[in-house]
Amino acid sequence: MTRSADARVGAYALLAAAALVAALALRRTELAAVAAPFALLVALGVRSTAPVVRAWVDVDRDRAVEGDNLDALVTVRSESAVDRLEVGLALPDGLELAEGTNPVAIRLAEGEERELQLRVRCVRWSALELGEVWLRARDRVGLVRHEGRIDRRRPLRVYPTPERLQRLVAPAHTQAATGSEVARVRAEGLEFADTRPFVPGDLVRSINWRATARRGSLVVNERHPERNADVVIFLDSLAEARASAQGTLEQAVRTAATLAGRFLERRDRVGLVTFGGFLRWLEPGSGLVQRYRLVDALLETGIELSYAWKDVNVIPARTLPPRALVIAVTPLLDERSIAALFDLRGRGHDLVVLEVSPEPYLEPGDDPSDALALRLWRLQRAELRASFERLGAAVATLGDDTALEEALEGVRAYRRHARLARR
Amino acid sequence: MAVSGGLALWLGLSATPDAAGAVLAAGLLGTAATAIAFLRPVVLGAALTASAGAYALLLAIDDPPLDSRAAGVAAALVVVGELSGWARELAGTRDEPGGVWRRPAWIAGVAVGALGLCWMVLAIADVTRLEGLGIEAVGALAALTALVVAARLAGTRGGS
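Just so you know, the sequences run in chain order Y and F.
Read in the working numbering, the first sequence has 426 at position 79, and its numbers run on one by one without any break.
Read in the working numbering, the second sequence has 118 at position 57, and its numbers run on one by one without any break.
Worth double-checking, as some hints may not be accurate.
[What the hints assert, rightly or not] Cβ-to-Cβ under 7 Å is the rule here; a few derived chain F residues that face chain Y:
1) 79
2) 106
3) 113
4) 120
5) 135
6) 179
7) 183
8) 186
9) 200
10) 201
Read the hints as simulated data drawn from the structure, not as lab findings.
Even for Gly, the Cβ is constructed at its ideal location relative to N, Cα and C.
Okay, chain Y solo, but in the shape it has when bound (with noise of 0.2 Å):
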């Protein structure tokens, strides 16, 4: 433990000094009475040692979802007795105390034990570590300070909570692997497609009796097969929109975790790209492993300042299967991520843009110029907007009254019309 004095010694001792020359200056035995307090306080002060202090810290689960409040347990126990031992769980960003006091200030005789008992809330999401305490023990005069830190940090992930969402973006295209998403090719399936003259080698039970008795001739059903199909999630972290605590980010997070978990229980195949200072990438894959695969990796996510020109070359190729369904969670804010979502679109990758608007963080000021500067902002991201649409790929906002349902509604109808049109 550090030792380190209070502001009191020396306060005490310049007073016991000055009282004692003055005491001589002006031959006043009463200085020096005023002086003798001070003089014995700081004598008996100093004297403090170190006490032998050992803590340990049980949280009683190391997987969480934002809104969850975990029980910590703190462990304290001196070899010696300590008058006053301030207690103190370092609780990293992500956290906040919803019951017990933190730090606190305990008395503990010659090798007592003592339990505090804390509940943390987890109000975002993170990969974090908690188990940090911060001790400093003073002695019953307490003009000297004993502080340590106790390292007791075990890993703890806290997920982000899943949005409601009932229906997702249908994907254009299928993948070979059977999987919940009808897929427009015709063949073996349970959506009906359409009807067609018997060829040999159709199967006897796909004969349409009904159609083949008004035709005279024998016509088969044709259906849709149900098929998997690869969902790549790009995440855009090369900028972001920050009010305080809250951010773009957050949102961009959450809502790919959303994307991710539903997917794979549809059996898609989800991989990731996070886009920013740092690449990462997941390949496309399915299952529940893969699902803490990218929400571990997800967690891990944060906004690295870069100034290197990226764009979608640095991809590995095997993280963007052909025929894949690319959504894209970014603010739109950087113009490398813009840069590279058109790339992807010119390669033919099927593209969904969910813009996580930055408007809910932005503060515009009073000046009349501040609120053209705003407006030219606004209008430039539309066009920015219409761009995506012109190429094809569907851009939706999130924003603090756009729910990720609602959003992905605006997608859908979007694709509705974009196949007519191409029809």
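Mind docking chain F on chain Y? Use the hints.
Quick look at chain F alone, frame taken from chain Y:
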């Protein structure tokens, strides 16, 4: 701050008119410095010294015979110093339930101890002047101290 201000006021009022202004000014300077010491603890020494300086001015200008107010001044200054430390402790950490009373009790005890110690020093200083009952009291105290020391020494040897 209230204790420091009260001390300045008390000294200013108990001083003669010649010294009152200077004593009050020094005392209020100490009070102002005490206020600053809540934000800048390093100023605490200057604050206490300024308040004690007010008393030194009173002694220098009024030149009273052996002044028993020194004990009150010492106790008040101890309370100011300890309360300043406690205020800083409270700003960062809360005491566990049932432990809140410990610090005020300690401050009160230290103040009483300072009062007693100061009186003792004054009594010793006064012995040569008063003689009589004072010297008897000091003698009795010395004898009692000697007895306590002897008893503790005997206890230590017996225990080993």
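Hints and how they fare:
1. 79: violated, 16 Å
2. 106: holds, 4 Å
3. 113: Since chain Y brings a Cβ to about 6 Å from residue 113 of chain F, closer than 7 Å, the hint holds.
4. 120: holds, 5 Å
5. 135: At about 5 Å, which falls below the 7 Å cut-off, the nearest Cβ of chain Y leaves the hint on residue 135 of chain F intact, so it holds.
6. 179: holds, 5 Å
7. 183: holds, 5 Å
8. 186: holds, 4 Å
9. 200: Where the cut-off is 7 Å and the nearest Cβ of chain Y is about 20 Å from residue 200 of chain F, the hint is violated.
10. 201: violated, 20 Å
Comparing the model with each numbered hint stated earlier shows that hints 1, 9 and 10 do not hold.
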